[in-house]
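Could you put the whole structure together from the sequences, leaning on the hints where they help?
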Amino acid sequence: MKIAAFLPKLGDKLHKTAYEAITAAHQVQALIGGDVVGLAIDVDQQQLERTAHYGLTRLIVAEHPLLANTYSPSAFAKVLHQLASSQGIDILILPNITYGKELGPRVAVTFEAGYIADVIGIESQNGELIFRKPVYAGKAIIAAQLKTAKKVFTIRPNIFTAKAAETAASLNIETFTPELSEADFREKRLSITRSTGKLDVAEADIVVSGGRGLKAPENFKLIEELAEVLGAAVGASRAVVDAGWRPHSEQVGQTGKTISPNLYIAVGISGAVQHLAGMSSSKVIVAINKDKDAPIFQVADYGIVGDALDVLPRLTAKLKEVLHKS
Amino acid sequence: MNILVCVSRVPDTATKVKVADDGKSIATQNVKFILNPYDEFAVEEGLRLREQHGGSVTVLTVGGQESTDILRTALAMGADKAALIQLVNPDSYQVAVNIAQYARNHSFDLILFGRQSIDFDSFQVPPMVAQLLDLPCLTIVSQWSVTNGTVKAERDIEGGKEEFETALPLVASVQKGINEPRYPKLPDIIKAKSKPIETIEPVAVEPQLEILSMEIPQTERRHVILGDSDEDLEKLIQLLREEAKVI
Ligand SMILES: Cc1cc2nc3c(=O)[nH]c(=O)nc-3n(C[C@H](O)[C@H](O)[C@H](O)COP(=O)(O)OP(=O)(O)OC[C@H]3O[C@@H](n4cnc5c(N)ncnc54)[C@H](O)[C@@H]3O)c2cc1C
Ligand SMILES: Nc1ncnc2c1ncn2[C@@H]1O[C@H](COP(=O)(O)O)[C@@H](O)[C@H]1O
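Sequence lines, in order, name chains A and B.
Yeah, the first sequence ends on 325 if you go by numbering that gives the first Met the number 0, and it's all consecutive.
Yeah, the second sequence ends on 246 if you go by numbering that gives the first Met the number 0, and it's all consecutive.
Honestly, I wouldn't trust all of these hints.
What the hints assert, rightly or not - A few chain B residues that don't get close to chain A, going by computed Cβ distances all over 12 Å:
hint, residue
1, Ser106
2, Thr146
3, Ile196
4, Glu197
5, Ile199
6, Pro201
Claimed, not checked - No farther apart than 20 Å at their CA atoms in a straight line, the calculated lysine to aspartate or glutamate pairs in the EDC-like style are these:
hint, chain 1, residue 1, chain 2, residue 2
7, A, Lys324, B, Asp229
8, A, Lys220, A, Asp241
9, A, Lys317, B, Asp229
No lab work stands behind these hints, which were simulated from the structure alone.
Values in this document were obtained by computation on a predicted structure and should not be read as measured data.
For glycine and all other residues, C-beta sits at the position ideal for the given N, C-alpha and C.
Here it is in structure tokens:
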């Protein structure tokens, strides 16, 4: 079995989900045996070397002048297909982030592989892989098989996490030159803007979200202050996004972002199913709500029943004291 | 401009999900099915582009006979034509192959999708269709302009934004923010009831995905609910640090 992890980059760095793809590949290897290889496109050597701390021993990076610092779904799908074919890959794993979501299905087609998205667990039975995937906004989970010989799947971020080991595996990096022309770039990227200074909800380990219970847009200052102490990103419910208090990029939920941070703090959010759809796979959930019967408490690990406007400043002050002391 | 909008039929977002007797699908009794919310944006965008550039909007779904209800919703919004490729419970690959075949038999400048179908949240059909048709593809578009065959589009990615330029013919999936879908008016809803819906035989293609079982997740939460006194807040911090070890 040849198992490949696609290692996406964002900006000039490997995205953190690249390491998770490696971890998932090793899980597949442990289940059904085989070799693991990393596949990357236009990523610099220093970045690639970090994967050795996640146990990767072999990596192929596609390099071509046309690929430098750009992205195009058609061209990248073509390169990834060539990379995978050159290695005789049977199983290709991509992170379920934007690039993985659009490259996975395209490569599955050219590769004549079955495809399944947003996997949260991998098992095996009689040598066949079984994938677990949330459906209906996380209200149910399916176990499914791909009936094709070759398989492509994406993994939900922050599920297949692993710590970097102190010692690096001995990693062999090879370069691959794809066959590529200007015409393969059917979508041209004009610009990429990284949201600077502000952590993205989809990226952060801790997210503090506010809802209508905050009462007024200016009270989000209290959310921002708590987020800052925790090094967290600010999220929001749809109610406050629709009201224009917060930008859509902060919305968590079915029509916003689906996230699984280590800690999710919901403040003044009732816990509607569509909101839960976006955050119920968070590792630890804290709810702050003045209504002890709010549905959010049913999914919470820890809850504070109280008025957010009164609780937040005191909680932030106490956290500051505790976290800065240690 | 000839536009194809692909739509799917999904349980209403507020549905309480129960597993059916077969142990691998949801019980559909008392479940309200709706036009996938993201596909409303796609239908609306198709209508707006037709209003600007002329042409026609065809809505297409792959599903059982019951899927005509969402086609009627789209017709009531203003779509010109509707087609049903009749295939009960298709997997996403079968859907993509069938849409691609339909598109090959017609000629569309633009094939529009919602960013995801909220049943399986796969984000899968649009890129597959693009690859099958060898067309350029933009996904999760939240803002764009389509003029003289040139498309400039913007989308959010993890931790940032990207802008693309491409050309028609194109496959695109759209996201909230691109427009505000119109509500069909009562007379249009009535008129839509008698509009013809073309029924098409599916292409024979094997599904790739086999669902073995479905279960309701039992997430074990600690459910420690505290008050709002200073002691309780200190307790919370202590629990987060020592029990949950997340800060
Ligand atoms: C198709 C569809 C898609 C949707 N997608 C999303 C989505 O992606 N994300 C999303 O969030 N929603 C989504 N929704 C909307 C969702 O149904 C809810 O309407 C929304 O989440 C409610 O936001 P909220 O909790 O901030 O407001 P509310 O439901 O109004 O809740 C406010 C909460 O604040 C509490 N509160 C009030 N005052 C205080 C105070 N002083 N201190 C502490 N607590 C207080 C109240 O007890 C209440 O629980 C969607 C709905 C539909 C139909
Ligand atoms: N059965 C279907 N028939 C037609 N279009 C579909 C179907 N399923 C999904 N789509 C389209 O593909 C988009 C993405 O769906 P998915 O890949 O299932 O997340 C949806 O928003 C629809 O536009």
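Status of the hints after comparison with the structure:
For B/Ser106, the requirement that its beta carbon stay farther than 12 Å from each beta carbon of chain A is met, with the minimum near 18 Å. No beta-carbon of chain A comes within 12 Å of the beta-carbon of B/Thr146; the shortest separation is about 15 Å. No beta-carbon of chain A comes within 12 Å of the beta-carbon of B/Ile196; the shortest separation is about 27 Å. Taking the minimum C-beta to C-beta distance to chain A, about 26 Å, the non-interface status of B/Glu197 holds against the 12 Å cut.
For B/Ile199, the shortest C-beta to C-beta distance to chain A comes to about 22 Å, beyond the 12 Å cut-off, and the non-interface label holds. The claim that B/Pro201 lies off the interface holds: its Cβ sits roughly 18 Å from the closest Cβ of chain A, which is beyond the 12 Å cut-off. Restraint check for A/Lys324 and B/Asp229: the C-alpha separation of about 18 Å stays at or below 20 Å, so the hint holds. As the CA atoms of A/Lys220 and A/Asp241 are separated by approximately 18 Å, the hinted pair is consistent with the 20 Å bound.
A hinted pair counts as satisfied when its Cα atoms are at most 20 Å apart, and A/Lys317 with B/Asp229 qualifies at roughly 9 Å.
Consistency note: the structure conflicts with none of the earlier hints.
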